[in-house]
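117 is the number that UniProt numbering gives to position 117 of the sequence shown; each next residue is one higher, with no gaps.
No wet-lab data here; the hints were simulated from the structure. The beta carbon of each residue, even a glycine, is placed where N, CA and C say it ideally should be. Watch out, some of these pointers could steer you wrong.
To be verified - For each label pair, taking beta carbons as the anchor points, the in silico distance ranges come out as: (1) M127 / R15: 48 to 58 Å; (2) A85 / T57: 21 to 31 Å; (3) N109 / R129: 20 to 30 Å.
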Amino acid sequence: MPHVAGLWQSGLVIRAVTDGRPTYGDRRVTALLNRARRSSGEPSLNHKRIFRLISSTFLQPHTGRRPIRAQEGTLVAPASNQRWASDDLEISCWNGEVFRIAFGIDTHNRESIAWVATCGGGISCEMIRDMMLDCVEHRFGAICAPQPVQ
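Assemble the whole structure, with the sequences as input and the hints as a guide.
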């Protein structure tokens with residue numbers, strides 16, 4: 001990339017890099033510009049200055065994530081014990097510990113069937129498996145359900 005005095009300050013050289021690679025951030029753009037400048041014997045540029053130029057001239061396109069849509073379908077089952085759902089949540093305590101709870105609910109009547117909680121550590125897959133077995137035992141009185149449950 002040829003260097004003309006003040007050309008990079010106007011953003012034209014930065015525009016050439018970001019047009020070809022729009023997802024590159026200020027650090028990567030600075031690295032590319034400095035590589036070209038070092039090969040021609042010119043001093044390197046500060047990444048903070050490149051960041052300010054990119055921010056002030058809107059050379060970087062917005063690459064934000066798409067918003068997450070909530071469930072739009074109906075989750076209510078026509079009868080009890082046909083469809084279950086599970087959810088988990090965590091609550092930060094005043095002393096820095098995190099309280100985590102997971103629970104299984106029947107989608108027909110929104111009744112909580114079983115739950116598992118822990119403080120400090122995460123909820124493991126074994127805890128979830130045991131919770132689901134507790135759901136089956138609580139509802140059907142056996143380890144195996146008589147009919148399939150979604």
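Outcome of the hint check:
1. For the pair M127 and R15, the beta carbons lie near 53 Å from each other, so the given range of 48 to 58 Å is met.
2. Roughly 49 Å separates the CB atoms of A85 and T57, a value that falls outside the hinted 21 to 31 Å.
3. Evaluation of the 20 to 30 Å hint for N109 and R129 yields a pass: the beta carbon distance comes to about 24 Å.
In this structure, only the earlier hint numbered 2 is contradicted, and the remaining ones agree with it.
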